[in-house]
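Working from the sequences, and respecting the hints, build out all of it.
There are 2 protein chains.
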Amino acid sequence: MALVVQKYGGTSVADIEKIENVARRVIDIKEAGNEVVVVVSAMAGETDRLVNLAHSISEKPDPREYDALVSTGEQVTVSLLSMTLNKMGYKAKSFSGHQIKIVTDQSHTKARILSVNTEMITDELEKGTIAVVAGFQGIDMENNITTLGRGGSDTTAVALAAALQAEICEIYTDVDGVYTTDPSLCPKAKKLKKISYDEMLEMTSAGAKVLHPRSVELAKKYEVPVHVRSSFNKDEGTLVTKEDEEMEKVVVSGVTYDRDQAKVTVIHVPDKPGIAARLFTPLSDQNIVVDMIIQNASIENYTDMTFTVPRKDIDDVRKILKIAAKDMEAERVEFDENISKISIVGVGMKSHAGVASRMFAALANEGINIMMISTSEIKISCVIEAKYTELAVMALHDAFGLEKE
Amino acid sequence: MALVVQKYGGTSVADIEKIENVARRVIDIKEAGNEVVVVVSAMAGETDRLVNLAHSISEKPDPREYDALVSTGEQVTVSLLSMTLNKMGYKAKSFSGHQIKIVTDQSHTKARILSVNTEMITDELEKGTIAVVAGFQGIDMENNITTLGRGGSDTTAVALAAALQAEICEIYTDVDGVYTTDPSLCPKAKKLKKISYDEMLEMTSAGAKVLHPRSVELAKKYEVPVHVRSSFNKDEGTLVTKEDEEMEKVVVSGVTYDRDQAKVTVIHVPDKPGIAARLFTPLSDQNIVVDMIIQNASIENYTDMTFTVPRKDIDDVRKILKIAAKDMEAERVEFDENISKISIVGVGMKSHAGVASRMFAALANEGINIMMISTSEIKISCVIEAKYTELAVMALHDAFGLEKE
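Line by line, the protein sequences are chains D and B.
For the record, in the first sequence the residue sitting at position 285 is 282 according to the working numbering, with numbers rising by one throughout.
For the record, in the second sequence the residue sitting at position 34 is 31 according to the working numbering, with numbers rising by one throughout.
Identical copies look the same in the list; a pair holds intra-copy or inter-copy alike.
Computed list of lysine-lysine pairs in BS3-like fashion (alpha-carbon distance at most 25 Å, straight line):
{"#": "1", "residue 1": "Lys15", "residue 2": "Lys57"}
{"#": "2", "residue 1": "Lys190", "residue 2": "Lys347"}
{"#": "3", "residue 1": "Lys217", "residue 2": "Lys191"}
{"#": "4", "residue 1": "Lys107", "residue 2": "Lys84"}
{"#": "5", "residue 1": "Lys57", "residue 2": "Lys84"}
{"#": "6", "residue 1": "Lys401", "residue 2": "Lys246"}
{"#": "7", "residue 1": "Lys124", "residue 2": "Lys57"}
{"#": "8", "residue 1": "Lys57", "residue 2": "Lys88"}
{"#": "9", "residue 1": "Lys88", "residue 2": "Lys107"}
{"#": "10", "residue 1": "Lys57", "residue 2": "Lys27"}
{"#": "11", "residue 1": "Lys401", "residue 2": "Lys190"}
{"#": "12", "residue 1": "Lys187", "residue 2": "Lys384"}
Derived by calculation from the structure, the hints in this document are not laboratory data.
Predicted model only: the values in this text are computed from it and were never measured.
Written as structure tokens, this is what we have:
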């Protein structure tokens, strides 16, 4: 008998009929002789409805109250799913974050899980009950309700799977796995059978939106095997798991892109110790996430600094840099919102030479100019003109033979 | 500095604008130098929405899950009201039933409060915070979410007022107090300034719907003064309080009616010990509330039994009595759905003679036939033909001079 943790997202529980579909899937796993813990999100649209209520009161609603408000979305779904399972003749019980004591820190709207008390769930599983757990929410040490932020329900599922030492954590979503690239952009994209935690992390941080990086980090830390699959069919999805030899044979596993960045260049800065801090501290103080950073080699004690920021933050960045650039005695600041970041990801890079040059050649062959380059152990990213995004994805998908099984 | 508990019903918090009105009223009381605890219901329509979701799954949804589901309605309101108070510059915190540990028994959907832990609220009040508490909900000893059933938020407010030894419990509703009778039926109806707990209890059980009997019972037990008033104006409402000499001078305080009853007569029953139990046990087993019961004097060892039941249950009653009547060897059973119960209520009855005969005379003067009579210490009820309801209310209102201050 295995313990299976399943997670269903908002589109999978969007209405009563879909909840009944989920119940049938849960029952299938239960009938196959497993213990089942199900984590669900709020019904699609419900969180938006609650957020709109909050924002009709205030642009910046009190975060403690915001969390108490939006956490009701998941509580509704767990009750409805448990009722459905009960009606279908199966013992099921709903649990909210405070009932099973998913204890988090006090960072409302983006709390981190500190501990999970599994006793209550284990007791129920032993009685043959299906445990239905509200994703996305927890409580802090003082019993205030907290929420985990984006991808929070995935994180709840992985945390429970880790704490309960589940055999597998199945993440049901509206796509049927992780693809070599975005199938809507590149029809040749293929579903991956397996991917390593690190590759998944690089893929998600590079723009693939299947899993939130936090849930992948957690899965990696506790070595929880995560199976990403569709709730609308029975196909096998993609297994996110520990790196193995087989994976290393593949040079590149996927191509991702991110069109939501903007490029900023601070030109002709006097190259003195501490300039990077003076530039980036005011940005991080405003919670602006700087992604790629490139500092050119200094010429006559002057340098240029180029970096990317989320495009949505560009107005704030302009304001902050107006002051910072003057302070640093930079010549001027240039902004380019018309960019895209293309990345190739693969654990095989570690043991294969010449991957970067193959990437650059493939882009050059299509006449695509590279504006910035950054590399990690298993990822290479290039910033290019936005209009070449699709072309670049296709070219790289071909260049690394990703259409082949 | 006084401690005031206020309760606002669903129509008073039906939308963001109404919630802002409530916030302003709360602030007025706070600014007058009081500590304030606010209890709120779900936004009007929200509980119905949730109940409909549950019933689209099952006619009889699992009660534990039903409670977990519907309790989210109040959690939404407390968050929104707290956000609003925060935005207006006041410290406010929302609390759900599990956070302040309103512990109830395990009777899902109609739980009774066993204890209230006031520590968390007292701490917050001392810091100058306005405590906003979800009505209608609690938790049982095992941390399952429970709800208190109809009138539950009133009960929460009174229980908190009792536990916190509040100076007053203000119940804001969509009517502006307790009237001598229903103003929509009798234009001469007058608002009462004061009414005793017992009178209020008899009024509510006799059909007046301002307060639920359970909250009145609780208020009586702990001698909590309850001020029933409108959330849409600033008029004084009606104070529900301990009986005093002044009240006793008034013979009758109010006239109520109940059109939702049906009359059942079991005819020619052999009069043996235990027949009442054989008749009423199967009804109470099905949770059917029998109201007035009359057993005629036995003639030649046969008797007739007449009683009233809620009209909505009449089909179930027919089925049950078909079996019970045969079992009791009764001749037949007659049903009359075309009735109304008219009651007069007043603590003054205890010390005034001839009240009943004045009532009967007033009805007789209008040619209204009395089918059943039942009396308590401070109430006399008559069952009459339904079509005379309005006429009877007017006649009794006049007969006892209720239009006078």
